[in-house]
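Next come the chains, spelled out residue by residue.
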Amino acid sequence: MDIKGKKIKLHDNALRDGMHSVSHQFSTDDMVLLATSLDAAGMALIEVTHGDGLGGSSVNYGFGRHTNEEYLKAVIPKMKNAKVSTLLLPGLGTVEDLLMAADCGISTIRVATHCTEADVSEQHIKKARELGLDTVGFLMMAHLNSPEGLLEQAKKMVDYGANCIYVTDSAGYLLPDDVTSRIGTLHDAFSDEIEIGFHGHHNLAMGVANSLAAVEAGAKRIDGSVAGFGAGAGNTPLEVFTAVCDRMGVETGVNVDKIMDVAEDIALPMMTTPTRIDRDSLTLGYAGVYSSFLLHAKRAEKKHGVSSRAILMELGRMGAVGGQEDMIEDVALEMKKKSA
Amino acid sequence: MTTSGAVEKVGGAKKGKAIIILNPAEPPLMMRDTIHCLTETEPDQEAITKSVHDMLKEVQKYVPGYTLKNGPVFDGNRVSIFMEVEGLGDYLPKYAGNLDIMTAAATRTAEMFAEEIENGTLILKKLIA
Chain A
1 MDIKGKKIKL
11 HDNALRDGMH
21 SVSHQFSTDD
31 MVLLATSLDA
41 AGMALIEVTH
51 GDGLGGSSVN
61 YGFGRHTNEE
71 YLKAVIPKMK
81 NAKVSTLLLP
91 GLGTVEDLLM
101 AADCGISTIR
111 VATHCTEADV
121 SEQHIKKARE
131 LGLDTVGFLM
141 MAHLNSPEGL
151 LEQAKKMVDY
161 GANCIYVTDS
171 AGYLLPDDVT
181 SRIGTLHDAF
191 SDEIEIGFHG
201 HHNLAMGVAN
211 SLAAVEAGAK
221 RIDGSVAGFG
231 AGAGNTPLEV
241 FTAVCDRMGV
251 ETGVNVDKIM
261 DVAEDIALPM
271 MTTPTRIDRD
281 SLTLGYAGVY
291 SSFLLHAKRA
301 EKKHGVSSRA
311 ILMELGRMGA
321 VGGQEDMIED
331 VALEMKKKSA
Chain B
1 MTTSGAVEKV
11 GGAKKGKAII
21 ILNPAEPPLM
31 MRDTIHCLTE
41 TEPDQEAITK
51 SVHDMLKEVQ
61 KYVPGYTLKN
71 GPVFDGNRVS
81 IFMEVEGLGD
91 YLPKYAGNLD
101 IMTAAATRTA
111 EMFAEEIENG
121 TLILKKLIA
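From first to last, the protein sequence lines stand for chains A and B.
Under our numbering, think of the first position of the first sequence as 1, with each following residue one higher.
Under our numbering, think of the first position of the second sequence as 1, with each following residue one higher.
Quick caveat, the hints were computed from the structure, so don't treat them as lab data.
Remember, it's a predicted structure, so these values are computed and weren't measured experimentally.
Treat each hint with caution, since some may be false.
Which residues of chain B face chain A? A few of them, derived with a C-beta cut under 8 Å, are [stated by the list, open to error]:
1. A13
2. K17
3. I19
4. I20
5. I21
6. N23
7. T39
8. E40
9. I48
10. T49
11. K69
12. N70
13. R78
From the three backbone atoms N, C-alpha and C, an ideal C-beta is built for every residue, glycine too.
Given only the sequences and the hints, what does the whole structure look like? Please build it.
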């Protein structure tokens with residue numbers, strides 16, 4: 001693979017996707033410490049919010065320790081070079097939430113929909129563009145749509161005003177060839193003004209390989225998180241990806257030693273449970289299940305005595321999409337009834 | 001009036017939140033609704049269970065496909081019920097119970113007004129043209 005000389009932007013998700021792995025309980029001090037350290041390491045973009053984005057704090061997904069406004073107001077003024085982004089899933093987050101985040105000073109909004117439902121992003125993308133934000137269309141569970149199908153959805157988001165489109169592998173299910181075809185199809189269809197991005201999960205240990213495939217196919221933005229701090233088996237570990245990019249001559253702007261230290265000395269001690277490929281997170285990638293279902297399935301196992309792996313396999317078979325966390329307990333109860 | 005507002009104003013919650021999730025699965029999934037409630041004090045399991053089943057019977061009078069799939073689940077001060085709404089399938093597919101229940105509820109509301117007018121508890125004022 002020859003990707004020497006390419007220049008990409010890294011986007012750290014530890015303070016948003018990582019919220020899933022701490023059940024949305026970061027303190028504002030944790031957030032400020034991790035964000036300032038990432039900033040000092042040269043990270044271009046840092047995402048900050050509840051794991052499920054603006055409006056995510058709820059019985060269904062878990063309540064955040066603080067409000068999104070509190071997190072954003074704590075982190076944004078402390079940034080020297082890094083920009084702060086936030087996530088919004090239409091159906092959870094509203095335009096009012098978006099206005100609040102814009103007031104706090106975010107630079108980037110990522111409007112996330114299931115990979116076949118770009119229609120629901122119109123109102124939020126138009127408003128974000130009107131506010132002059134760097135506006136990203138974030139197509140989740142991208143393994144559930146073909147490259148051509150994704151392109152059709154991406155075109156809608158671009159029409160609404162998005163200047164960047166992400167292929168989001170929420171389940172960590174994609175293999176490198178799947179990434180190449182999806183990113184390649186988007187990259188070939190749009191002019192250079194539309195940036196293409198890739199968001200990986202490490203459930204099948206493909207985070208780094210998939211991100212390289214994405215860069216080769218034309219992606220300019222790569223998501224990940226320091227120490228892999230994210231849902232499921234975590235995101236693409238950015239200290240590893242930075243080191244690999246450095247070896248391959250890809251410019252990330254991130255300092256390899258510094259990001260390694262942030263992973264080891266700051267991010268790791270904040271993890272309440274280790275972010276690793278265990279049988280449940282492996283099942284997410286194997287069965288194509290939304291990564292943030294992991295801890296909810298483990299809780300359902302504890303409460304209802306049904307194996308979390310079996311619950312996740314069933315959710316994969318059903319085609320559950322992001323946001324359907326309520327179905328985890330429902331599936332557990334159905335399985336309990338059947339085994340009774 | 002938003003759905004969140006209705007959870008508060010009609011449902012009586014101090015704070016309501018509504019979440020919409022679209023699932024494009026084929027074949028289409030039946031309409032599902034999950035209702036979570038956080039109680040301030042220890043939930044009275046017997047009273048809540050009875051109330052849920054009473055309401056179920058009431059709604060089934062005009063939406064026969066309104067069923068309780070699971071619950072109520074009691075988890076500390078969280079109470080959850082898992083509903084399914086199957087439509088009649090007259091004009092829309094059966095899975096679109098969300099659309100059927102809105103139409104049926106509108107009809108039922110009109111009927112409730114009619115019942116009140118008939119038994120004299122609601123008196124309509126004459127409009128002067």
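Going down the list of hints, with the structure as the test:
no. : hint : result
1   : A13  : violated (11 Å)
2   : K17  : holds (5 Å)
3   : I19  : holds (6 Å)
4   : I20  : holds (4 Å)
5   : I21  : holds (4 Å)
6   : N23  : holds (5 Å)
7   : T39  : violated (11 Å)
8   : E40  : violated (14 Å)
9   : I48  : violated (16 Å)
10  : T49  : violated (15 Å)
11  : K69  : holds (7 Å)
12  : N70  : holds (4 Å)
13  : R78  : holds (6 Å)
Violation of the numbered hints given earlier is confined to hints 1, 7, 8, 9 and 10; the remaining hints are satisfied by the structure.
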